[in-house]
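Peer 1: Listed below, chain by chain, are the residues.
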Amino acid sequence: MTPAVSFDAVTIRLPTSDGGALTVATNLSLDIAEGHFVAIVGPSGCGKSTLLNLAAGLLFAPEGKVRIFGDELGGINQHAAYLFQQDALLPWRTIIDNVLLGPLIRGRSHAEAEPEARHWLQRVGLAGFEMQFPHQLSGGMRKRAALAQSWIVDPRILLMDEPFSALDVQTRQIMETELLGLWAETRKTVLFVTHDLEEAIALADEVVVLSARPARIKGVYPVDLPRPRDVAEIRMIPEFNTLYNKIWADLRVEVGAAAHG
Amino acid sequence: MADPVTVATATTRREAGRPVILAMQVGFFVLSMVGWELMSSTGLLDVFFFSKPSLIAVRMWDWLSSGFIYEHLFTTLIEALLAFIIGTVLGVIFGLTFARVRLLAAVFNPYIRVFNALPRVILAPIFLLWFGLGIASKVALGVTLVFMVVFFNTYQGIREVNPVLLNNVRMLQASQRQLLRYVYLPSAMTWIFSSLHTSIGFALVAAVVGEYLGSARGVGFVVAQAEGVFDTTGVFAGLILTSVVVLGIDLLIERLENYLLRWRPGG
Ligand SMILES: Nc1ncnc2c1ncn2[C@@H]1O[C@H](COP(=O)(O)OP(=O)(O)OP(=O)(O)O)[C@@H](O)[C@H]1O
Ligand SMILES: [Mg+2]
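Heads up: the protein sequence lines correspond to chains A and B, in order.
Quick note, in this note's numbering, the first sequence goes up one by one and the last residue is 261.
Quick note, in this note's numbering, the second sequence goes up one by one and the last residue is 267.
Because the hints were derived from the structure by calculation, they are not lab data.
From the three backbone atoms N, C-alpha and C, an ideal C-beta is built for every residue, glycine too.
A hint or two may mislead.
For each label pair, taking beta carbons as the anchor points, the in silico distance ranges come out as [stated by the list, open to error]: (1) B:PRO163 with A:ASN245: 36 to 42 Å; (2) B:ARG102 with A:ASP18: 18 to 24 Å; (3) A:GLY139 with B:ARG100: 28 to 34 Å; (4) A:ASP18 with B:ARG113: 26 to 32 Å; (5) B:ARG113 with A:MET1: 55 to 61 Å; (6) A:ASP18 with B:PRO163: 19 to 25 Å; (7) B:THR198 with A:ARG252: 54 to 60 Å; (8) A:ASP18 with B:SER32: 54 to 60 Å; (9) B:ARG113 with A:PRO115: 49 to 55 Å; (10) B:GLU71 with A:PRO115: 52 to 58 Å.
Facing chain B, a subset of chain A residues (Cβ under 8 Å, in silico) [claimed, not checked]: (11) ALA56; (12) LEU58; (13) GLN78; (14) ALA80; (15) TYR82; (16) LEU90; (17) HIS135; (18) VAL153.
Chain B stretches covered by chain A per the calculated footprint, using a threshold of three residues with CB under 8 Å from any CB of chain A [to be verified]: (19) 177–187; (20) 206–216.
Start from the sequences, fold in the hints, and give me the full structure.
Peer 2: Here's what the structure looks like:
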């Protein structure tokens, strides 16, 4: 089966302000199978967001290839929705107008898309906040609105960049459960960046560990834990711990390398 | 977390402060008017050159009650309004185009700078020659003033669009036109609005100056007429009338701005 996303020997160099170039990734190859939930972990600044930008088609790597369902990516990835690490809601649109922007852009009418947007806001626990502007919501609530914004367009690939890191433990578990439920229903391909290894293992089919910059694939760990999973309880089972310790041993070296330059 | 006690005192203090400040503002006005009146009455100020608040008030009442001033006021407002609308539309269109087409901006950059550095009120006599004594010459002058303000603000507004917002809407599969509609224009709107106060003022200044230099109607014409017969009272009455009108329009714009930009934090 052709992978949903395939990075084929990509090297990413970003221009720096002093006119030089920063090598973020070298000769990186990674296949993401369709329908898989893949978590990406790695030290801060190693290039996780950059990798998602590449899959999104927002960034172009002249060296190497990115293929989406087998087709080489030339522009914006038409099959993906992207949940950005930063705040990306339009501040001048109300929450509901932000959520229904995707359908609106795809040619649906406002009236047509509105009930659907309400439904999605309800799923992320934001019923009653439809008419607020983003600045009137907390950081975590804005993240949830952004979730609704990316889920409503029913993409085949979900790119998610630390979506839950701003949430408190309880809301976080609710959102993780929602995400797993949604994923089980629709079998989307998910690329999920997180700095929380526990979260990565609890959610994913595979955990990809990136090395410190320039990013290479340090290891790909299959997570053979039973599904459906309860995100809280799964942390208690012994296999979870074994896997955690194994991946953490690998990750710790890289975090240390990144921290000490 | 904000401490409710602190919040409460802060609010109470602000509410207590507002009437006091208003009273002081009114007090200052009354005091300066009385001072002016007294100084003119006692001969400390020459009434010929400085007039008197009471005389000015009577004159303004005359103008308003006889209906003499309305025609002039109307003319000035129409000129300013036309200049404002045309200047804003042109400014937005050009600002947008220049911000999106880098080559244009690069080529025309020095010319725009020169034109901006030029004290454009100087153009008034030229426009009088070109467009005659009617309203066209005043509108033309106003357009050049308004255009520059709106142009620069639109240009800046488009260039400073948050790239994350842009990427987000791009990922939602927006076309170039949809990006313009959903991101670029609303984002530039903040800048354009903050320039409205300045540009409406410019439009009125241009109208009055144009009328002053040559016309048969308008507030500027009334002031010029009064000046011609050394009628200081008339000049002051015209100036004050213009200020009051500008103030009124400014308040309206502020209302509109507060409504349209209500999405801003602290707005
Ligand atoms: N637009 C850019 N231009 C130049 N360099 C950039 C740019 N964006 C990011 N970088 C650099 O590229 C490297 C990778 O950045 P990236 O945002 O992908 O890291 P990350 O793994 O997502 O980090 P974090 O976990 O902190 O979000 C960083 O060292 C950063 O300084
Ligand atoms: Mg990142």
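Peer 1: Now look at each hint and say whether the structure bears it out.
Peer 2: Now the hints, each set against the structure:
no.	hint	in the structure
1	B:PRO163 with A:ASN245: 36 to 42 Å	40 Å, holds
2	B:ARG102 with A:ASP18: 18 to 24 Å	23 Å, holds
3	A:GLY139 with B:ARG100: 28 to 34 Å	33 Å, holds
4	A:ASP18 with B:ARG113: 26 to 32 Å	28 Å, holds
5	B:ARG113 with A:MET1: 55 to 61 Å	60 Å, holds
6	A:ASP18 with B:PRO163: 19 to 25 Å	20 Å, holds
7	B:THR198 with A:ARG252: 54 to 60 Å	58 Å, holds
8	A:ASP18 with B:SER32: 54 to 60 Å	58 Å, holds
9	B:ARG113 with A:PRO115: 49 to 55 Å	53 Å, holds
10	B:GLU71 with A:PRO115: 52 to 58 Å	56 Å, holds
11	ALA56	6 Å, holds
12	LEU58	5 Å, holds
13	GLN78	7 Å, holds
14	ALA80	7 Å, holds
15	TYR82	4 Å, holds
16	LEU90	6 Å, holds
17	HIS135	4 Å, holds
18	VAL153	7 Å, holds
19	177–187	holds (count 5)
20	206–216	violated (count 0)
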